[in-house]
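Colleague: The chain contents come next:
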Amino acid sequence: MEQDTTHTDAAVHPAEDHAEHHHPGWSTYWKVALILTLITVGEVWMYYVPSIYNSRVFVPALLSLSALKFGIVVAFYMHLKYDHKLFRALFTGPLFIAGCTIIALMFLFGHLVAKFGR
Amino acid sequence: MSAPAAHHYTATGLDSRKIAIWAFIGSECMLFASLISTYLIYKGRSRVGPFPHETWVDPTSGHHFHAILNIPVTSASTFTLLMSSLFMVLALSAVQNKNVPKRTTSDRILGSSKLWLWATALAGSTFLGFQAFEFTSFVHEGLTIRTNLFGSSFFTLTGFHGAHVTAGVIWLLTLLSIDYRRGLGPNDALNVDIAALYWHFVDVVWIAIFTLVYLIK
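Chain order of the listed sequences is A and B. The first sequence begins at 1 in the numbering used here and counts up by one. The second sequence begins at 119 in the numbering used here and counts up by one.
Since the hints were derived computationally from the structure, they do not count as laboratory data. Model, not experiment: these values are computed from the prediction. For glycine and all other residues, C-beta sits at the position ideal for the given N, C-alpha and C. Some hints could be false.
Which chain B residues stay away from chain A? Per the calculated CB distances, all over 10 Å, these [as the list claims (entries may be wrong)]:
{"#": "1", "residue": "K136"}
{"#": "2", "residue": "S164"}
{"#": "3", "residue": "R165"}
{"#": "4", "residue": "H181"}
{"#": "5", "residue": "H182"}
{"#": "6", "residue": "V207"}
{"#": "7", "residue": "S230"}
{"#": "8", "residue": "S243"}
{"#": "9", "residue": "G247"}
{"#": "10", "residue": "Q249"}
{"#": "11", "residue": "T254"}
{"#": "12", "residue": "R299"}
DSS-like, lysine-lysine: derived pairs with alpha carbons at most 25 Å apart [what the hints assert, rightly or not]:
{"#": "13", "chain 1": "B", "residue 1": "K216", "chain 2": "B", "residue 2": "K232"}
{"#": "14", "chain 1": "B", "residue 1": "K232", "chain 2": "B", "residue 2": "K220"}
{"#": "15", "chain 1": "B", "residue 1": "K216", "chain 2": "A", "residue 2": "K81"}
{"#": "16", "chain 1": "A", "residue 1": "K31", "chain 2": "B", "residue 2": "K232"}
{"#": "17", "chain 1": "A", "residue 1": "K31", "chain 2": "B", "residue 2": "K220"}
{"#": "18", "chain 1": "A", "residue 1": "K31", "chain 2": "B", "residue 2": "K216"}
Here are some, though not all, of the chain B residues that point toward chain A, as calculated from beta-carbon distances under 7 Å [unchecked claim]:
{"#": "19", "residue": "S134"}
{"#": "20", "residue": "A141"}
{"#": "21", "residue": "L153"}
{"#": "22", "residue": "L233"}
{"#": "23", "residue": "I263"}
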């Protein structure tokens, strides 16, 4: 995708310029918004189609689409794709712990035991 | 003319304020993970209705309760919040490029930080309006925070999210007032970037809530 670069405070701190300010522009942002809208429409459509709603793929598909939307917003709108790796670590580290917490609590309270067995 | 912003660089060469907002967002991830976990653990364990996806008849009164979640309304509010994220990145881009000459009408529209900050705040307020409508209709239909486990965990989770959106709208209105008072320029880009990161985080939390609470039975 096209990249229009913005430079803020480049003269003040050149190291930061390389690390943080290569953000995309309108040409990328509207495409991202369109993709997010289409994914959301797809999710709601799946909810209203009984053959999909009652199938075994419904929940994994919804979780995958939701994770995809999450990743797109974080990468493009929050600029994590373009920012310094320290910011990536500050976000993905706690996010990993948060995900593990949810899974551990689901096992602890028996919601996932039925699916994966003891 | 705005005064040059004070910089708070760390040994990494990165601004301490931006490191702080990412650390804050990381901690918020864990807060919402605990709230989502609580909702998921209590899901399907309510002894009395109304229920999110199933109809229920009260055995004592014979009153019939339909599935309480309103997917069309929530889909509309989800779309509004997604669009607000687009408006927010355009606001940030406008502030960063304030000094770039605007030759065409589309350049002037895309370069108007006031327009995009207003649009973001308006979209956020619309989302809150949808949430107020949803909460009110739930209470009228017999679901309060004290009714059952679903009501307790649902209102706590979505209420916390709504409180975060409210804080975000107040933050945006504060930036707008600064923009009207002295104008936001490239020197303020980091301040707007930090507000934008918070706003997008509120958006990604809703992406998870919409799927886990509203769409998955």
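Colleague: Now, for every hint given, state plainly whether the structure supports it.
Modeller: Here is how each hint holds up against the structure:
{"no.": "1", "hint": "K136", "result": "violated (7 Å)"}
{"no.": "2", "hint": "S164", "result": "holds (15 Å)"}
{"no.": "3", "hint": "R165", "result": "holds (17 Å)"}
{"no.": "4", "hint": "H181", "result": "holds (27 Å)"}
{"no.": "5", "hint": "H182", "result": "holds (22 Å)"}
{"no.": "6", "hint": "V207", "result": "violated (5 Å)"}
{"no.": "7", "hint": "S230", "result": "holds (13 Å)"}
{"no.": "8", "hint": "S243", "result": "holds (19 Å)"}
{"no.": "9", "hint": "G247", "result": "holds (19 Å)"}
{"no.": "10", "hint": "Q249", "result": "holds (17 Å)"}
{"no.": "11", "hint": "T254", "result": "holds (23 Å)"}
{"no.": "12", "hint": "R299", "result": "holds (21 Å)"}
{"no.": "13", "hint": "B:K216 <-> B:K232", "result": "holds (11 Å)"}
{"no.": "14", "hint": "B:K232 <-> B:K220", "result": "holds (15 Å)"}
{"no.": "15", "hint": "B:K216 <-> A:K81", "result": "holds (24 Å)"}
{"no.": "16", "hint": "A:K31 <-> B:K232", "result": "holds (23 Å)"}
{"no.": "17", "hint": "A:K31 <-> B:K220", "result": "holds (23 Å)"}
{"no.": "18", "hint": "A:K31 <-> B:K216", "result": "holds (23 Å)"}
{"no.": "19", "hint": "S134", "result": "violated (12 Å)"}
{"no.": "20", "hint": "A141", "result": "holds (5 Å)"}
{"no.": "21", "hint": "L153", "result": "violated (10 Å)"}
{"no.": "22", "hint": "L233", "result": "violated (13 Å)"}
{"no.": "23", "hint": "I263", "result": "violated (21 Å)"}
The earlier numbered hints that this structure contradicts are 1, 6, 19, 21, 22, 23.
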